[in-house]
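Participant: Sequence:
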Amino acid sequence: MKKTRKTAGILLAVLLAAVFCCMAIADRIQTAGGTVEITQGVIDTNVGDITYKLYKPKDAVKAPGVLLLHGYQNDKETCAAYAIELARRGVVVLSIDEYGHGSSEPGLINRGYVNQRVKVNFGLDSKENGTFVSVGGATRYRLMMNFSNLSFFDERYTKDDQGNEITDSSCGGIAAYAWLASLPFVDNSRLGLSGHSMGTWSSWSVAAAYSGTEIEPKATVLQCGELFTKDAYDSSKIHFNNVLLLQAKWDEFSYFRDYEKNVDDKLLHTPLRAEFLGTSVNDAAWNTTFGSFAEGTARRMELLYTNHRLTTHHAHGLAVALDWFADALSYKNSVPATNQIAMIKEWLVLLAMLCAVAALLPAMELLLTIPFFEAIVQPLPPKTGIKPKGAWWRGVLITMLIAGFSYPFMTQLGHGLLPLPEGIFRMTVGNGFISWYLLLILVMLITTLIGTRGAKKKGTYDGYYGMGLGTAEQPNRIGWKHLFRACLLVLCLLAILYIIVALCGLFHGLDLRFIWPFFKTFTWARFGQFFVYIPVFALFFLLNNSKIMASMRTEATYQKGFKGFIGSWWRNALMMVGGILIIVLIEYIPFFLGIGPGADVLFGSTFGGPFMSLMILFVPQVIVFSVLCTYMYRRTGSVWVGALTVASLAAWIVTGGSSML
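Numbering follows the numbering used here, in which position 558 of the sequence shown is assigned residue number 540; successive positions increment by one, without gaps.
Hint data in this document are derived by calculation from the structure and do not stem from the laboratory.
Just so you know, not all the hints are guaranteed correct.
List time: in silico EDC-like cross-link candidates among lysine to aspartate or glutamate, alpha-carbon distance up to 16 Å [unchecked claim]:
id, residue 1, residue 2
1, K38, D26
2, K212, D265
3, K231, D246
4, K(-16), E356
5, K109, D142
6, K369, D444
7, K38, D9
8, K219, D136
9, K(-12), E537
10, K231, E196
11, K365, D444
12, K212, E257
13, K101, D9
14, K369, E537
15, K248, D265
16, K219, E196
17, K40, E19
18, K101, D240
19, K231, E242
Taking CB as the label site, the calculated pair distances span [what the hints assert, rightly or not]:
id, residue 1, residue 2, range
20, D216, C3, 51 to 57 Å
21, W374, C3, 38 to 44 Å
22, I384, D216, 49 to 55 Å
23, Y241, D136, 16 to 22 Å
In this text, all values refer to a predicted model and were calculated from it rather than measured experimentally.
Cβ atoms here follow ideal geometry from the backbone N, Cα and C, with glycine treated the same way.
With the sequences and hints as input, model every part of the structure.
Facilitator: In structure tokens, the structure reads:
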């Protein structure tokens, strides 16, 4: 035991040192070697405080300023690449948490909604052709159906006959822009803004709000933006200066590719795109600047060979944006646009996050040396429950198919229309996962009952112990004492990780993340949401681990050492993430072949978008979870610790960083 304690203690210390070393270097990068001062605070608005992160070059005196607006399910830190690169070139940068995101108080509901939607780009719709229609259902559904409906559009779009309206499609950006313009070290005659995805609609809204004023934006950079015609708003009063559109080649969201299946030259040579560029349909071209910066008519569409979510950190897109701001805001880049350091910070923070999560394992080993927690450890169930090779592969295939093909349908159902009390279940993407998890919980309960009956007939039934839910002493009963101890152990592990996250935020102003939010400190509202969602997450992962880790045991489960761990892990990982990998292939292979995104082609555009693009985050996340679950099951002989740990981490990720109503 002393040897175990010593080894675990050394490993824990090394991992913690790695976390804080990575964070210290990342902090040095985000401040450009100490030449940029970073502060965080709140901007008071009439609907609540909006949190911000301000990047101020230390020698800034009447410097140009840029407001950054993140996308759906992101936060202010997602804009870090643009913020870091602009600030190290002398620009004052303000990045905010928009409504319903990050630590800001106002919910997404403050954006507003109406009981109607359009099915094409605004200004190209009509009731006669069925592209301007009424919608009903849950508030969050109507809200999301109006994401591209902007508050400066004509009243036929922004108001309905029931008194609803689009109130602030800038999601707090209008107030933040005014605050940026008021700073004494900012030249408010040289202001710009940039947004990604949802943030592009916010950017259009900010630019429209200040059009024709003394502080109107001189440049707008849209990272995956939707276009609309001049028929959608009063173009005699509103104009947009020097707009750059960064177009992702493989954008999973249909409205960012004009509701076409692909982004190609056919999309380029349309009246909508030609109107944006200010040229003829035949003369429209990618990667070409049209118009004049001096007159505010400069337009450009840069084609980026990436997908929607990765556009925020695409090196070429960022370089084009840096040059665009320099030309539009009349300053000279002191550093070439291709000289970028922001991704170094992202990789360092990713490494820190992986080390922090890995630190949970030696932390668990130390806690297991305490007699109270040591009682959790028991032998693995007997080998009589091992699945034959053929039966195991059949089970894997069924698991993958059910999980994979239910994913696009159930997540979208929960995201928009599942009848959940919206005052309680406020996490929009969280509701999508709850819907999917509830279906899989039902499936797992049914298959467990069927499997139990079959095992009893064959005489191979080994009780709850074989399911990873019981004890060797009382195999036919659920191990409630083990569960109690496991809950306390998991609470200790979560407390350790939360302290790490809090310290990183306190000393470095950084979360554990990689481009998108993962582990953040909670606001009180988000902390409450954690307790709303954790019961469903916990039940899902307990049943999931019971089926995969325990009931689907193989010979590799009993092999000791690293070889045994790898043999168990790849099998467990395949079952946990295999279904999603199938959907990844279905989504992207047709896309890359020029047919269109698989979900749109096979199921319709309703099932594309957010949960398809989330897969590139979800897959690596679940693979990490499978490592923790495999190790913890082999170490403790039950699924309690592993399942409750990853359930808590998953609920933390969803409630700590994603969108709230």
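Participant: State the violated hints by number, sorted upward, taking the hints as numbered earlier in the document.
Facilitator: Hints 1, 2, 9, 10 and 13 contradicted; others consistent.
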